[in-house]
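S.K.: Keeping their order, the protein sequence lines are chains A and B. When the letters of the first sequence are read in order and numbered with this note's numbering, they come out as residues 1 to 58. When the letters of the second sequence are read in order and numbered with this note's numbering, they come out as residues 59 to 527.
The set of hints was computed from the structure by calculation and includes no laboratory data. There may be inaccurate statements among the hints.
Unchecked claim - Residues from chain B that face chain A, not an exhaustive set, calculated with beta carbons under 8 Å:
{"#": "1", "residue": "90"}
{"#": "2", "residue": "94"}
{"#": "3", "residue": "251"}
{"#": "4", "residue": "342"}
{"#": "5", "residue": "344"}
{"#": "6", "residue": "508"}
What the hints assert, rightly or not - Far from chain B, some chain A residues (derived; all Cβ distances over 10 Å):
{"#": "7", "residue": "4"}
{"#": "8", "residue": "7"}
{"#": "9", "residue": "22"}
{"#": "10", "residue": "24"}
{"#": "11", "residue": "27"}
{"#": "12", "residue": "36"}
{"#": "13", "residue": "40"}
Claimed, not checked - A partial selection of chain B residues facing chain A, derived with a Cβ cut-off under 10 Å:
{"#": "14", "residue": "447"}
{"#": "15", "residue": "502"}
{"#": "16", "residue": "520"}
C-beta atoms are modelled at their ideal positions from N, C-alpha and C, and glycine is treated no differently.
Chain residues, written in single-letter form:
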Amino acid sequence: MAPLACLTHWYISMLYVVPVVGVGGWGWWSTKRMARKKAAGKAPDKKAAARAPEQGLA
Amino acid sequence: MLAALTGGVGTVALALPASADAHGIVGKADLPIPVWLFSWTAAIVLVVSFVALSTLWRAPQLQQEHRRRLLQLPRVLEWLAGLLGLLLFVVVLYSGFAGAQVANANFSVTFVYVIFWVGIPLASVLFGDLFRALSPWRTCGRVLEALILRARGAAGGGPLLSYPERLGNWPAVAGIVGFAWLELVYVERDNPSTLAALSLGYFAVMLAGMVLFGVEEWGGAADAFGVYFNLLSKLSPLVRSEDGALQLRRPLSGVTTLRIRPGTVVLICTLIGTTTFDGFSNGGIWRNNESGVQSLFADLGLSSTPAQELAYSVGLVLCILLIVAVYRLGVLGVGSVSERYDTGELWRSFAHTLVPIAFAYVLAHYFSLLLWQSQAMGYLISDPLGDGSNLFGTAGYQIDYHLISYAGIWYVQVAALVAGHVGGLALAHDRALVLYRDAEEAVRSQYWMLAVMVAFTSFGLWLLSSVGT
Numbered sequence: 001m002a003p004l005a006c007l008t009h010w011y012i013s014m015l016y017v018v019p020v021v022g023v024g025g026w027g028w029w030s031t032k033r034m035a036r037k038k039a040a041g042k043a044p045d046k047k048a049a050a051r052a053p054e055q056g057l058a
Numbered sequence: 059m060l061a062a063l064t065g066g067v068g069t070v071a072l073a074l075p076a077s078a079d080a081h082g083i084v085g086k087a088d089l090p091i092p093v094w095l096f097s098w099t100a101a102i103v104l105v106v107s108f109v110a111l112s113t114l115w116r117a118p119q120l121q122q123e124h125r126r127r128l129l130q131l132p133r134v135l136e137w138l139a140g141l142l143g144l145l146l147f148v149v150v151l152y153s154g155f156a157g158a159q160v161a162n163a164n165f166s167v168t169f170v171y172v173i174f175w176v177g178i179p180l181a182s183v184l185f186g187d188l189f190r191a192l193s194p195w196r197t198c199g200r201v202l203e204a205l206i207l208r209a210r211g212a213a214g215g216g217p218l219l220s221y222p223e224r225l226g227n228w229p230a231v232a233g234i235v236g237f238a239w240l241e242l243v244y245v246e247r248d249n250p251s252t253l254a255a256l257s258l259g260y261f262a263v264m265l266a267g268m269v270l271f272g273v274e275e276w277g278g279a280a281d282a283f284g285v286y287f288n289l290l291s292k293l294s295p296l297v298r299s300e301d302g303a304l305q306l307r308r309p310l311s312g313v314t315t316l317r318i319r320p321g322t323v324v325l326i327c328t329l330i331g332t333t334t335f336d337g338f339s340n341g342g343i344w345r346n347n348e349s350g351v352q353s354l355f356a357d358l359g360l361s362s363t364p365a366q367e368l369a370y371s372v373g374l375v376l377c378i379l380l381i382v383a384v385y386r387l388g389v390l391g392v393g394s395v396s397e398r399y400d401t402g403e404l405w406r407s408f409a410h411t412l413v414p415i416a417f418a419y420v421l422a423h424y425f426s427l428l429l430w431q432s433q434a435m436g437y438l439i440s441d442p443l444g445d446g447s448n449l450f451g452t453a454g455y456q457i458d459y460h461l462i463s464y465a466g467i468w469y470v471q472v473a474a475l476v477a478g479h480v481g482g483l484a485l486a487h488d489r490a491l492v493l494y495r496d497a498e499e500a501v502r503s504q505y506w507m508l509a510v511m512v513a514f515t516s517f518g519l520w521l522l523s524s525v526g527t
């Protein structure tokens, strides 16, 4: 019974880690997503640049 | 220590481990949901709070105190409080040296570990910096300082030496670690005469420091207990102004004015870390592994007592370093959002957000100890020496352990942890709004602090639930 009790104790202890991993993971993913959006917003739109001379905009 | 304290004179002993009584007794509480689910619920509360802050709190609200005058406190009240503090200190010394050398029958042990170490922090948060008036060494320091000034006369005022700015709060850190070591590690911690001797030693060091560097300068930087209680009093909505007026300020706004000196951040982490070790050392993981660590030192040639003390010392230091590391991780995360501030600036800028967490940990871990063992003062004031006297007729008083149910204690502990961490979140969000260009960037910077707060909350609840396992 002692190993079972030990396993149960560790299992329940890990349940306390779940919210930390969940919130931390969500925060990490959100930060990455925003960084990607920011990078995409700053990168030049090559298609628009290619269309510009045809329309006399460059 | 806790086993001796919760024994009590003439009380009916509970059929429960005393150390568990004083911290967490979750296993004996009749709770509607599993204990670990409380940590999930607490995390949800923090996330909801974070979303609410992000949406509704778009401009800094706590950087100014917005004080409102309530009433004028007579100056004589401060001197009366000082005399009371001095009287209590003398009783601690006298009972420690001359009284029965039994922890639960001696005034000094319960007064120092319960009323002083746990009661005053709670009183500081509720009523402001009471210890500033009660401090016996500050009272004597002010008298000495006035006498020295009079003796120097026209030669000029000012302290004899200038307090080195680089020293900052590091002496206070040493003091807090020293007291935590005494409370949690030292095998003779229950000995009344040892406690009295150490109290006298601390008093002498404080007096010397105040004479050399000035009462306010030394007291504000190097007095471990003065600095600690003053830190927590910044959470209080009540504050006493320079001219003695009692004022009301916006809750939590006082802590944003915290002066960050060398060692201040480590001091706050130390406060959380020492309470952490207090809980951790009563849990299953430490109990199962402590003998192994102890035998490591015993194999180096140390006898059992020094080996045990060294093992506990290592545990204490590791817990403090763990808290420092978690906060550091949070700060690194905040810094990853923008290159506007370096890690050092952020490390100092967000340190005050840990103060409500430090108080939450103290309240959660020591609530039941305070509730039960403070009642021992009922019989100890009548019999401070434990020699059978009955000065005020209350020597027969018994501790009422049924004042609040075990479930009630658990709910208080959870509420304290959640409220403290929500307070920390609010402070962090408010500071981020000051530091960053716009509200969106401020919110983005706080994702990592949210994770840190959830980590501290879950860890605190795990510590409480694992006591006595």
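S.K.: Compare the structure with each hint and give your call.
M.R.: Structure-based check of each hint:
Proximity of residue 90/B to chain A is violated relative to the hint, the smallest CB-CB distance being about 17 Å (cut-off 8 Å). The beta carbon of residue 94/B comes within 4 Å of a beta carbon in chain A, closer than 8 Å, and the hint placing it at the interface holds. With a cut of 8 Å, the hint placing residue 251/B at the interface with chain A is violated, because the nearest CB-to-CB distance is about 40 Å. With a least beta-carbon distance of about 6 Å to chain A, the hint placing residue 342/B at the interface is held under the 8 Å criterion.
The interface hint given for residue 344/B is broken, as the beta carbon of that residue sits about 13 Å from the closest beta carbon of chain A, more than 8 Å. Using the Cβ-Cβ criterion of 8 Å, the hint placing residue 508/B at the interface with chain A is satisfied: the shortest such distance is roughly 6 Å. With a least CB separation of 14 Å from chain B, residue 4/A remains clear of the 10 Å interface cut-off, as annotated. For residue 7/A, the requirement that its beta carbon stay farther than 10 Å from each beta carbon of chain B is met, with the minimum near 13 Å.
In this structure residue 22/A is not separated from chain B by more than 10 Å, as the shortest Cβ-Cβ distance comes to only about 7 Å. The claim that residue 24/A lies off the interface is violated: its Cβ sits roughly 4 Å from the closest Cβ of chain B, which falls inside the 10 Å cut-off. For residue 27/A, the requirement that its beta carbon stay farther than 10 Å from each beta carbon of chain B is not met, with the minimum near 3 Å. No beta-carbon of chain B comes within 10 Å of the beta-carbon of residue 36/A; the shortest separation is about 13 Å.
Residue 40/A, annotated as away from the interface, keeps every beta carbon of chain B farther than 10 Å; the closest lies near 16 Å. The beta carbon of residue 447/B is not positioned within 10 Å of any beta carbon in chain A (closest approach about 48 Å), and the interface hint is therefore violated. Evaluation of the residue 502/B hint against chain A yields a held restraint, the C-beta minimum of about 6 Å falling below 10 Å. Against a cut-off of 10 Å between C-beta atoms, the interface hint on residue 520/B holds, since the closest Cβ of chain A lies about 4 Å away.
Checked against the numbered hints above, the structure breaks hints 1, 3, 5, 9, 10, 11, 14 and satisfies the rest.
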